[in-house]
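Asker: Construct the complete structure from the given sequences, taking the supplied hints into account.
Those protein sequences? They're chains A, B and C, same order as listed.
Here our numbering = 1-based position in the first sequence + 1.
Here our numbering = 1-based position in the second sequence + 27.
Here our numbering = 1-based position in the third sequence + 10.
Warning: the hint list may mix true and false statements.
To be verified - Simulated crosslink set (DSSO-like; lysine-lysine; CA at most 27 Å straight-line):
no.: 1; chain 1: C; residue 1: Lys-195; chain 2: B; residue 2: Lys-135
no.: 2; chain 1: B; residue 1: Lys-51; chain 2: B; residue 2: Lys-260
no.: 3; chain 1: B; residue 1: Lys-391; chain 2: A; residue 2: Lys-183
no.: 4; chain 1: B; residue 1: Lys-212; chain 2: B; residue 2: Lys-191
no.: 5; chain 1: A; residue 1: Lys-119; chain 2: B; residue 2: Lys-334
no.: 6; chain 1: B; residue 1: Lys-369; chain 2: A; residue 2: Lys-119
no.: 7; chain 1: A; residue 1: Lys-117; chain 2: B; residue 2: Lys-334
no.: 8; chain 1: A; residue 1: Lys-206; chain 2: A; residue 2: Lys-183
no.: 9; chain 1: B; residue 1: Lys-334; chain 2: A; residue 2: Lys-206
no.: 10; chain 1: B; residue 1: Lys-191; chain 2: B; residue 2: Lys-248
None of these hints come from the bench; they were simulated from the model.
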Amino acid sequence: MKMRSKKICKPSYNFALLMILLMLIVVIYLINNHFLDYTYISNVVIKNIIEMGLMALAVTLIVVTGGIDLSVGSIMILSAMAGGMVVVKVGGILGVLVAIIIGALCGLVNGLVIVKLKLSALVTTLSTMFLFRGIAKGMSAGESVYSYPITDFIGNTEIFGLQLSMLVYIVAAIILTLLLSKTITGRTLYAIGLNENAAKFSGLKVEKVLVSMYVLSGFICALAGFMYLGRFTSIKFDVANKMNLQVVTIIVLGGTSITGGIGDMRGTIIATFIIAVLNSGLTVMNIPIDVQTIINGAVLAISLIVYAILNKHRFHAKEN
Amino acid sequence: MCEILRLENIVKVFPGTIALDSMKLSVNAGEIHSICGENGAGKSTLMKIVTGVYRPDTGQIYLDGEKINFNNPREASKKGISIIYQETSLFEEMTILDNIFLGDEITKNILGIRCIDYESMEAETIKVFEMMNISLDFNQKVKSLGMAQKQIVEIAKALKSKSKILILDEPTASLTEREVVALFKIIRMLRDDGVAVIYISHRLDEIFEVSNRVTVIRDGKFISCRNTSDITKNDLVTDMVGRSVENYYPKFETEIGEEIFCAFKLNQFGVLHDVDLNIHAGEIVGLSGLAGAGRTELALAICGFVKIDSGEIILEGKTRRISSYLDAMEAGIVYVSEDRGKYGLVTEMSIKHNISMSQLKAMKSTLFIDNEREEKLARKYIDEFGIKCKDSDLLAQNLSGGNQQKVSVSKAISLSPKVLILDEPTRGIDINAKVEIYNIIMQLVKNGTSVLMISSEMAELIGMCDRIYVMQSGHIKGEVNRVDFSQEKLLKMALEVE
Amino acid sequence: MGIESKTVKKKILTAEFYLLIFFIALLLLLVIIAGEFFSLNNVMNILNSASYLLIGAIGMNLIILTGNIDVSAGAIASVVAIFIAFVGKTGAPLYILLPVAMLVGATLSLINALFITWLKIPSMVATLATTQLFSGMLPLIVEGSVYGLPNSFTWLAFKAKIFNVIPASVLGAIVLAIIAIIFMKYSKFSKKIYAIGNDRSAARILGLHVGKIELSVFIIAGALYGVMATILATAGQRVTTTMGSGLEMTMIAAVVLGGTRISGGSGKILGTVLGVLILSIITPAMNYLGLSPDWSDTVMGAIILLSVIVGAISLVKKRHNMFDLKDKLSRENKV
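Answerer: Encoded structure:
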């Protein structure tokens with residue numbers, strides 16, 4: 002007699018996340034009424050999360066297959082730096098091209114090692130996280146790389162009162178949500194996460210899809226790199242770690258299972274906003290940056306704990 | 028011979044099903060006792076109770092006359108009950124020696140600290156190996172061993188802990204004939220030494236060859252326990268099935284057309300050698316052979332999962348280049364893999380999503396997958412094949428084995444293949460479901476599809492096929508037509524070495 | 011006779027042997043190209059850093075053998091360093107600082123272990139979270155660094171020397187390494203560690219208390235991190251909040267370079283020793299060879315990636331049944 006596997010009901014999990022988001026907004030608003038001002042929202046809340054939110058979208062696709070990409074922050078930095086350094090020597094357009102190519106290339110390295118050499122995604126991207134960051138450090142000799150006109154444009158323009166970067170995020174979010182839930186590629190991703198062999202035996206292009214997801218991730222990291230460079234006008238290699246962690250936090254908070262097969266983009270998006278609100282809420286309450294680090298760690302820890310408890314009976318079923 | 032294990036009135040209930048119903052069992056020391064029954068009969072539950080994995084809801088267990096209760100597997104193994112499963116549970120990266128003694132290492136005191144005493148462990152292992160008449164370098168890692176050798180290590184492990192009862196669960200599934208002979212020799216030696224060997228198997232020939240008595244169980248109930256010398260295979264089947272063998276296979280005459288498929292001189296280094304095989308329209312062709320003969324490998328090669336080094340695939344007179352499974356599907360060759368849980372289905376997905384998985388492109392309308400189309404497709408096969416479910420959104424894992432297999436087969440049939448390759452299509456499903464699958468196959472060939480059936484059950488091949496190829500070590504040893512079918516002939520071909 | 015010599019050959023030509031050759035080759039290269047590398051001061055410095063690295067790496071090795079990973083090791087070291095700095099300000103000598111360090115390290119590592127064994131959170135994400143928690147704690151307690159530490163604090167680094175020249179930490183590392191090697195060969199506990207790393211569920215069925223064993227491993231590793239942090243912290247009269255930062259990568263690099271499989275179940279302490287030795291001379295060697303230290307992270311990352319790839323390639327080479335392999339490997343993708 003097969004036991005029913007009690008998956009946590011994703012729609013209700015998403016609903017709970019939404020409630021948490023609303024609660025947070027209300028609490029912070031009560032503390033500081035300016036919180037809901039439009040300028041504040043677009044300048045502080047949204048802006049600070051765009052890059053990580055973008056990368057989290059791409060990584061969600063990967064985590065659904067049971068993989069992970071820990072190197073996203075490092076790819077972002079490396080591509081942005083490479084682009085920036087090229088621009089200084091040669092010019093804007095080439096810089097953009099180089100950044101995108103580097104990003105995609107890094108993703109390709111991840112994808113090929115994981116898929117062709119069959120190394121675990123965890124170990125591979127842990128190594129490349131370190132490797133890519135190291136290359137960025139070496140290339141820049143530890144110094145900062147500065148922004149250039151195109152990145153300024155991408156990072157800072159407003160269209161109809163909406164930040165261009167926000168627009169990019171919305172478009173990406175819509176495209177990737179649809180990709181995951183309604184396309185053949187999306188179905189393939191879930192199949193891989195639940196039973197890769199069965200997916201292969203059904204004729205799904207498993208290897209191709211997997212590698213392209215990692216390349217996509219690299220490309221999106223490069224995109225995020227543009228925005229970051231534009232917004233902060235300079236970038237240094239040591240930002241990578243914080244990025245990597247935030248992305249993982251968003252994904253875990255969003256309810257996408259690290260073991261694969263479960264999760265959707267909606268959860269990631271809501272989680273992105275929760276982190277955005279949380280971070281800016283802390284700023285509003287004048288809590289120093291140092292504390293924010295530990296709070297981010299606590300959010301990840303709590304998400305993991307909650308997820309583990311919710312899934313405890315699922316694990317028990319599996320072990321029997 | 029005295030009784031060493033006795034189970035009385037064992038009842039075990041799981042939510043929604045009675046796994047064991049007043050089960051009884053009696054095993055003597057110094058005998059090889061087979062337990063026989065269809066899948067779902069309760070064999071594995073029964074063994075789990077004997078080995079302490081489950082506690083019975085009611086009933087008594089007597090070991091050597093003494094009433095006992097096992098709270099966990101460790102207690103059972105301490106009392107001398109060992110079980111060897113098909114998938115051995117050895118630790119691959121550790122040595123044979125480490126594996127045999129794990130958890131129970133011999134230690135000696137050096138300067139007041141307990142250290143592992145390798146010399147004593149090696150000496151004892153040598154003794155056990157001598158007793159079994161084998162020689163292995165026990166300092167090599169288990170991962171470098173073959174299946175048969177791994178089983179031997181497991182048996183050595185049981186011997187070292189002086190097991191009184193040794194349970195073997197389908198031990199010969201992945202052994203060559205020579206290895207089976209060697210295994211039987213060891214089992215007989217154990218029996219002569221006073222060990223009680225419980226032998227669980229589907230293979231009636233083996234049961235009669237090696238065991239003294241056989242217990243048949245069906246639907247969780249005890250049916251019979253008799254000496255193998257007193258009964259025939261038919262008696263066993265009748266007990267297992269509750270009906271006689273003849274009505275088993277729903278085979279009828281179908282129109283067999285032109286040659287539709289031909290594999291010509293297929294070679295894959297070390298795996299397939301000059302394989303020639305052809306199939307006609309509407310024909311059921313069987314592929315027989317013992318484990319390791321290369322049947323699945325042949326199917327994988329034909330379907331483009333693994334590259335072939337040389338040879339041709341000719342479909343409907345035209346040579347086709349098949350470099351991936353997608354090419355094969357496009358050409359009209361579809362494969363249904365042998366282990367539906369592992370390879371055939373994504374059990375955590377719905378019936379609907381499973382059935383449509385091979386043809387998602389056809390399920391598309393503009394950019395996205397159309398749920399209506401998937402629903403329609405699933406409905407068609409749920410109705411046609413009688414898949415027992417509330418609706419097509421039910422997760423495949425909630426279906427019984429037979430129904431799961433129907434889903435797996437539906438996925439393939441929905442592609443309207445010209446050649447359908449079924450790998451062990453009725454493995455692990457109960458009698459009634461088997462017959463339903465056979466009916467599905469007959470319907471298929473009636474409509475002109477050709478079927479290549481790989482099976483380890485010779486009776487099944489003889490019952491269903493028009494022709495049977497016999498494979499051995501990657502070669503096609505021979506081809507037999509329906510008129511000449513006999514189990515002896517097939518087995519002889521499978522065994523004969525050049 | 012021929013068969014005997016074959017097995018003897020097999021026993022010598024292990025991975026550890028090749029590592030040793032590589033290490034010696036590196037040394038020779040340095041002798042030839044940069045002779046001044048072998049100044050007394052330089053060698054002693056390298057020995058010291060190799061020592062604390064090795065002690066921590068042994069702990070990491072144990073964790074990785076069980077099929078887990080610990081990226082919080084550096085953060086734990088930082089916390090321990092600050093903690094004993096506070097204790098050291100009172101003038102406490104080494105024989106108090108060391109046990110305290112081991113206790114704190116073990117406690118922090120225990121927190122990791124509870125996430126992993128009790129809540130069943132995969133070790134990678136669990137330790138990712140605790141890294142943030144541990145290192146995030148520090149700026150709240152201390153602004154930047156603890157300074158003005160008394161002489162009693164720096165005794166280990168400045169005063170404790172063998173033959174007046176070799177740092178005592180080297181002795182500590184050698185002793186611990188020997189104990190570790192003997193332990194991993196001759197104790198029943200070590201067999202259990204290997205078993206868990208090989209096949210967690212089979213180990214459980216065998217009756218091994220997987221959770222308890224993992225817990226113990228993490229606690230031991232934590233204590234070792236504490237020793238490592240002590241050596242690090244007592245090197246000078248000021249302890250910063252980021253002393254251990256990044257160390258975990260070097261430790262992991264040493265462990266995988268030494269031949270321990272990242273998925274667990276196989277690997278030797280001796281290999282880790284050699285891995286540490288090689289890594290310890292690579293960074294300073296690069297300096298001497300003119301390569302900027304900014305590239306050392308790259309080299310470390312490349313070493314990890316290459317070591318892990320090499321480990322995986324030998325697995326892929328065995329082309330059995332294509333799908334047997336996949337099963338094996340998908341089981342291994344647990345880390």
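Asker: Run the structure past the numbered hints and jot down the numbers of the failing ones, going up.
Answerer: none
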